[in-house]
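Trainee: Residue-level listing of the chains:
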Amino acid sequence: MTETSTSTTATLDRREAIAALLRARENTLVVTGLGSPSYDVHALGDRDDNYYLWGAMGSAALVGLGLAQAQPEKRVLVVTGDGEQLMAFGSLATIAVARPRNLNIAVIDNHHYGETGMQMSHTGYGIDLAKVAAASGFAETRTLHSLEEVEQAGETLKTPAEGPRLFVLKVTAENPPRSLPSRDAVFIKNRFRAHLGFAEQ
Amino acid sequence: MQTTQKEDWPSAVYRTLKAAKVQQMAYVPDAGHSTLIKLLTEDPEVTSNVLTTEEEGIAISAGAWLGGQRTVLLMQSSGVGNCTNMLSLPAMARLPLLMLVTMRGEWAEFNPWQVPMSRATQPTLEAMGLRTLRVDKAADMVETVEAAAALAYEADQQVAVLIGQRLLGKKKW
Numbered sequence: 001m002t003e004t005s006t007s008t009t010a011t012l013d014r015r016e017a018i019a020a021l022l023r024a025r026e027n028t029l030v031v032t033g034l035g036s037p038s039y040d041v042h043a044l045g046d047r048d049d050n051y052y053l054w055g056a057m058g059s060a061a062l063v064g065l066g067l068a069q070a071q072p073e074k075r076v077l078v079v080t081g082d083g084e085q086l087m088a089f090g091s092l093a094t095i096a097v098a099r100p101r102n103l104n105i106a107v108i109d110n111h112h113y114g115e116t117g118m119q120m121s122h123t124g125y126g127i128d129l130a131k132v133a134a135a136s137g138f139a140e141t142r143t144l145h146s147l148e149e150v151e152q153a154g155e156t157l158k159t160p161a162e163g164p165r166l167f168v169l170k171v172t173a174e175n176p177p178r179s180l181p182s183r184d185a186v187f188i189k190n191r192f193r194a195h196l197g198f199a200e201q
Numbered sequence: 001m002q003t004t005q006k007e008d009w010p011s012a013v014y015r016t017l018k019a020a021k022v023q024q025m026a027y028v029p030d031a032g033h034s035t036l037i038k039l040l041t042e043d044p045e046v047t048s049n050v051l052t053t054e055e056e057g058i059a060i061s062a063g064a065w066l067g068g069q070r071t072v073l074l075m076q077s078s079g080v081g082n083c084t085n086m087l088s089l090p091a092m093a094r095l096p097l098l099m100l101v102t103m104r105g106e107w108a109e110f111n112p113w114q115v116p117m118s119r120a121t122q123p124t125l126e127a128m129g130l131r132t133l134r135v136d137k138a139a140d141m142v143e144t145v146e147a148a149a150a151l152a153y154e155a156d157q158q159v160a161v162l163i164g165q166r167l168l169g170k171k172k173w
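As they're listed, the protein sequences go chains A and B.
Counted from 1, the first sequence has number 62 at position 62 by the working numbering; the numbering is strictly sequential.
Counted from 1, the second sequence has number 108 at position 108 by the working numbering; the numbering is strictly sequential.
FYI, nobody ran anything at the bench for these hints, they're computed from the structure.
Possibly wrong hints are sitting among the right ones.
Unchecked claim - BS3-like mimics (lysine-lysine), calculated; alpha carbons at most 30 angstroms apart, straight line:
| id | chain 1 | residue 1 | chain 2 | residue 2 |
| --- | --- | --- | --- | --- |
| 1 | A | Lys-74 | B | Lys-18 |
| 2 | B | Lys-38 | B | Lys-18 |
| 3 | A | Lys-74 | B | Lys-137 |
| 4 | B | Lys-38 | B | Lys-21 |
| 5 | B | Lys-137 | B | Lys-18 |
| 6 | A | Lys-74 | A | Lys-158 |
| 7 | A | Lys-74 | B | Lys-21 |
| 8 | A | Lys-158 | A | Lys-131 |
| 9 | B | Lys-38 | B | Lys-137 |
Claimed, not checked - Computed beta-carbon distance windows for the label pairs:
| id | chain 1 | residue 1 | chain 2 | residue 2 | range |
| --- | --- | --- | --- | --- | --- |
| 10 | B | Pro-116 | A | Gly-197 | 30 to 36 angstroms |
| 11 | B | Asp-43 | A | Thr-11 | 47 to 53 angstroms |
| 12 | A | Glu-16 | B | Arg-119 | 19 to 25 angstroms |
| 13 | A | Thr-11 | B | Glu-109 | 24 to 30 angstroms |
| 14 | A | His-195 | B | Gly-169 | 45 to 51 angstroms |
| 15 | B | Gly-169 | A | Thr-159 | 35 to 41 angstroms |
| 16 | B | Glu-143 | A | Asp-184 | 32 to 38 angstroms |
As the structure is a computational prediction, the values presented were derived from the model and not from experiment.
Ideal Cβ placement from N, Cα and C applies to all residues, glycine included.
Chain A extracted, bound-state conformation (with noise of 0.2 angstroms):
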């Protein structure tokens, strides 16, 4: 199988796609899937509002659901890549159902396992994610091809929503230089924790 037509499409640069997202992130807390997305995060510098997952694939989005039904004054946004959110499929509709109105997912969509030896995944053979969670219920979905159109949706972090918005960035499949989180969860977890107001544990 080739790839689709919408894959030609993917034309963005994935350090500049997350860096526009995110300029209009203000109190937002963010949430990292496995593998680039951490690594992408964790370049426009070190944050105690950034949870980094290592592993535990497929988890990214609802760990993003948890803390946003338990913080509903914050706004949370989940940074996932589309391998990880193809293998969480059915949280798309446990998200849907669940309507958090501040949740907000970017997948980073590169149609490729970058991980792993770029293997293509699905959505390089048309799965097309924004159309999956608006048939879910998603309150508001797009796929981004520019970085105007990226920083518009960033802004959306702002503004209250309906229920949960899903945004598709298509990016060019590349590997750029790692920027390593720290891979101790406790240590990330407490410094989370603490900057809610969390007392250590």
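Based on the hints, put chain B in the right spot on chain A.
Mentor: For chain B alone, coordinates are given in the frame of chain A:
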């Protein structure tokens, strides 16, 4: 907290979970959990999530704790198999995890397809670092859930309460 004579165990467990300050609940339905699911989903102070597969609940529980809330997961033994790799998350981050698992495939079971995962439930959980506490008598339920909740939320442990099929009763067809 004691189970009163007229009270069924799900109502007692519901009160125990409320006393333990549980604010989120996630579940894949099971007949044995049906009353507890109803009580928790109808509670306006509890955010409930119906899941497409059980491991989703492990991730939701992690996020809830990051945000300062306590979660309980309800599932049957077959769903434990779906959770295995996701249990890396609470193991690595030392996150509280409280699962109440209704056992199938071990007592007066009609459906043989429930048996393999029933056999694997406790070894799988323990292989991923969870502590398992079994309950086979309704009279022990409240004390066990109280102990499990304390281990989870106060001692940062990952705990599964395995509710025996003998206690749940034979499924009626």
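Trainee: Hints first: check each against the structure and report whether it holds.
Mentor: Results for each hint:
no.	hint	in the structure
1	Lys-74(A) x Lys-18(B)	holds (25 angstroms)
2	Lys-38(B) x Lys-18(B)	holds (14 angstroms)
3	Lys-74(A) x Lys-137(B)	violated (43 angstroms)
4	Lys-38(B) x Lys-21(B)	holds (18 angstroms)
5	Lys-137(B) x Lys-18(B)	holds (21 angstroms)
6	Lys-74(A) x Lys-158(A)	holds (10 angstroms)
7	Lys-74(A) x Lys-21(B)	holds (21 angstroms)
8	Lys-158(A) x Lys-131(A)	holds (24 angstroms)
9	Lys-38(B) x Lys-137(B)	holds (22 angstroms)
10	Pro-116(B) x Gly-197(A): 30 to 36 angstroms	violated (46 angstroms)
11	Asp-43(B) x Thr-11(A): 47 to 53 angstroms	holds (49 angstroms)
12	Glu-16(A) x Arg-119(B): 19 to 25 angstroms	violated (52 angstroms)
13	Thr-11(A) x Glu-109(B): 24 to 30 angstroms	violated (56 angstroms)
14	His-195(A) x Gly-169(B): 45 to 51 angstroms	holds (47 angstroms)
15	Gly-169(B) x Thr-159(A): 35 to 41 angstroms	violated (51 angstroms)
16	Glu-143(B) x Asp-184(A): 32 to 38 angstroms	holds (35 angstroms)
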